[in-house]
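Chemist: Here is what each chain is made of, one letter per residue.
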Amino acid sequence: MTTDSPDKIIDRSAKLVFSFFLSSAGLWLLTAALFAYLAAAKLTDPFFLSTSEYFTYGKIKVAQANAFVYGWGGNAIFAVSLWILARLSQAEVRGSFFLVLAGVIWNLAITFGLLGILDGHMSGHEMLEMPTEVWPAMLISYLIITFLALVIHRSRQIKETIAPQWFILAALLWFPALFLIAWHGLEINTARGTLQTVLSMWYGQSLIWLWLTPVALGAAYYLIPAVLGRTIDKYYLAVFGFWCIAALAPWSVVHHLEGGPVPMWIPAIGTVMSIAMVFPIAVASTNFHATAFLDIGKVWDSLPLRFVIFGTLSYTFSSYIGVVFSLPAVAKITQFTIINEFHFNQRVYGFFSMIIFGAVYFALPRITGREIPIAAKSFHFWTSTFGVLLLLLAYLIGGLTHGVLAGQPSLEWSSAVIGSIQPYFLITKIAFVILAFSQLVFVVNVWRVIFPNPLSLFAEGKKEVSA
Amino acid sequence: MNNLGKFTIGIFLTLGIAWLAFVVGARKQYGDLVPSPQALEEDGSIPADADIFPVELAGLAKQGAEEYASLGCVTCHTQQVRRVETGFDVERGWGKRPSVPRDYVLQDHVLLGNSRIGPDLANLGLRDYSDEWFHQHLFEPQSIIPSSLCPPSPFLYDEIDEPVHADIEVTSELDVDKTRYIRSSIRASRLVAYLQSLKQDYELPEVAFVDQPVEELVAQEDPSDVSEIVSSSIPTWLQQQMDAGKEVYMKAAAGGGMCFTCHQPNGVGLAGQFPPLAGSDWVLGDKDRLIKISMYGLMGEIEVNGVKYNNVMAPPGIPPGSLTDDQIANVLTYIRNDWGNSASAVSAEEVATVRASLKGRAPMQMFTAAELTPAE
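Line by line, the protein sequences give chains A and B. For the first sequence, the working numbering assigns the number 1 to the initial residue and increments by one for each residue that follows. For the second sequence, the working numbering assigns the number 1 to the initial residue and increments by one for each residue that follows.
Rather than coming from a laboratory, the hints here were simulated on the basis of the structure. Think of the CB as a built atom: it goes at the ideal place given N, C-alpha and C, for glycine as much as any other residue. Honestly, I wouldn't trust all of these hints.
[Unchecked claim] Computed footprint of chain A on chain B, listed as stretches where at least three residues anywhere in the stretch have a Cβ under 8 angstroms from a Cβ of chain A:
#1 7 to 18
#2 64 to 75
#3 90 to 96
#4 296 to 303
[Unchecked claim] Below are the DSSO-like pairs computed for lysine-lysine, each with C-alpha atoms no more than 30 angstroms apart in a straight line:
#5 B:K199 / A:K332
#6 A:K332 / B:K28
#7 A:K332 / B:K251
#8 A:K234 / B:K178
#9 B:K287 / B:K308
Produce the complete structure using the sequences and hints provided.
Modeler: Below, the structure written as structure tokens:
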């Protein structure tokens, strides 16, 4: 025991928590994949499952987004953040019992939340559709986990902090603030009229920009140097990039309200700030890619890093596209089209999830001491890549078609406008099947490492009891 | 960056500034937003006995809003008409004017939406669909619009084997032989009441109808221009009916008649193809025939002012055959009194009488000239 390196000890302290959050995240990922398939299937055949009230398209679509962001995203964030913070602080994960307990509450809250949505108790606020009854449980369990993450950070050996820590800590702290602001403005002291929409839209978009995005960026800032064994190129820019995101992102997200019944300064300032977002995007992109392309062969050889670089490229690409689509002249065409789906999937799948996959493949063997077969990882990478690209292309081309045709008032809506984008719905259905398959491979990969021999668990348990 | 406390203050500060603007600032801006009359007096006061808008929804419609939210309709439908410079919504006939914040101040749950796989619904109640149409659409959208992607909601209805008068007949366009009868549940009735209540058909001090530029509005209110209106020989009610009729005649979007595309804006038609309306013996003659043609269209040979035409006139309106009694009365009054024509006005009651007399006629079954000409 005494010969173990400090990293080994830290990894061992994180094992239970990491395994718990990761295996729950995997189950949510599969749940979301199932919902995604059902929603896509309903768009190709409106009669599919139509006799059941619990599975209207509106409910399933919303349930999918919630399962993905809070279920998969939330659990993955807990797993990856705790481990990276522990590694960087050179401190052990403490309070595993409370972490797992809070995790159970969090997962139960989301489960009941999703059941509530399917049962017709949807709140109608973007990304806060789960019934208000589960909100307190979500907030409390989240705060427990964040508190224990801060405990790890406070007991760090090196006082100096680096980029991954800023991004991850900021994300952990921003979420409850966003959540409370939205809760206060939507339920406690309900805003009047369309201000509700401003607020829920701001929350829903900020959730992606200030919660999922920084964690993924932080993980990338950690993994790229760790795998390549070299420092981040032009690292001095990272601090500028971080504060740019912190200062600009909360403003930029409201550009989606362009032209709507809200005070005109709100979308206007959103557009200005969106354009300013090119700075932090450029910084992150320079940091990541300048470093990675110094040693691109090594990036290609390391599967975790291949996932991460796919994610960072996707981030750069999607963020620049987001800037272009925020320009009023372009928004006139793309607003309200299935381009929205392109943005959402690009962010949560092409960027966030791909980086998390990379982080998991990097961390899991170190934590459990068991390797995942290279063929299984590689299969997951290629199916994911293919599925995501197919999905995004369909939404992008379909969305542009949607917007251009909708802008011609002489075209009849359902037969001409929506009829023309129906082939793309079919493609997204195929893409979701591929992705579901790919996610199943990921979850099997993870579970096989975490529970190498499920039956022996029971056997060991019995032995302990008898002893 | 190394001090967790300072770091936390920093990141909450950046978030807090945005919060101050969007929540605190915007809330203050919305503070005094209340329903208002369509126009204010010159000194900014509210005119006496003016109706104020928006109006509170009826109880049933309010419950319908909850159903709408709970079923997730907002996932595919927006309820906002964008400003003319930022979208095509008014052009598409989704509203008479852009939506403004004041339109929503009385709603408990604002359901603006951000995706349009289905059309915008901000003015659904203005599209003159019957309750029956809504029920048929909710039960099975494809029975009315075969290409619709909207999921059917059969769980809101009971299918009835032995129908009574109040039950609704659903005939699928895909399978004409299959006729079903449905009885709506209270939830379906709430939803329909809500959908019918969606309308922004009033002007507000901050926004005017798009077809009517603001300068014109001001001009009408300006007392110095009253002389011009008074001096015209046409009574005000007729002028209003003709104005409304002209709108139907010239409008090529949902809710319009699109008449001008064939009969031309000046009513002279197109030689050899479409008969003229100006000076036409049909237009200035029997009202009943005109009303019937406006409802069902006309096909085959017709002789107008001694010239024979042979073409097809689909049931007018977008969608076809959708013109309401009021619209038909207005547009017929318009074509009987513009371009030098002068004949008696047509009232909505007259249209309703003719519509009642044609109750058994299948929708879209076009008339022929022979059918409309009394046997001699």
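Chemist: Run every hint past the structure and note whether it holds.
Modeler: Results of checking the hints against the structure:
Proximity of the region 7 to 18 of chain B to chain A, defined as three or more residues with a beta carbon under 8 angstroms from a beta carbon of that chain, is established by the 9 residues found. Requiring three or more residues with a Cβ within less than 8 angstroms of a Cβ of chain A, the coverage given for the region 64 to 75 of chain B holds, as 7 such residues are present. With 3 residues carrying a beta carbon less than 8 angstroms from a beta carbon of chain A, the region 90 to 96 of chain B meets the three-residue requirement, and the given coverage holds. For a cut-off of 8 angstroms, the count of residues in the region 296 to 303 of chain B with a CB near a CB of chain A stands at 0, and the three-residue condition is violated.
At most 30 angstroms may separate the alpha-carbon atoms for a hinted pair to count; K199 of chain B and K332 of chain A meet this at roughly 23 angstroms. Between the alpha carbons of K332 of chain A and K28 of chain B the distance comes to roughly 29 angstroms, so the proposed pair stays at or under 30 angstroms and holds. For the hint pairing K332 of chain A with K251 of chain B, the CA-to-CA distance comes to about 23 angstroms; that is within 30 angstroms, so the pair holds. Proximity of K234 of chain A to K178 of chain B is assessed by CA-CA distance (about 71 angstroms); at most 30 angstroms being required, the pair is judged violated.
Of the pairs offered as hints, the one joining K287 of chain B and K308 of chain B holds, with about 21 angstroms between alpha carbons and a cut-off of 30 angstroms not exceeded.
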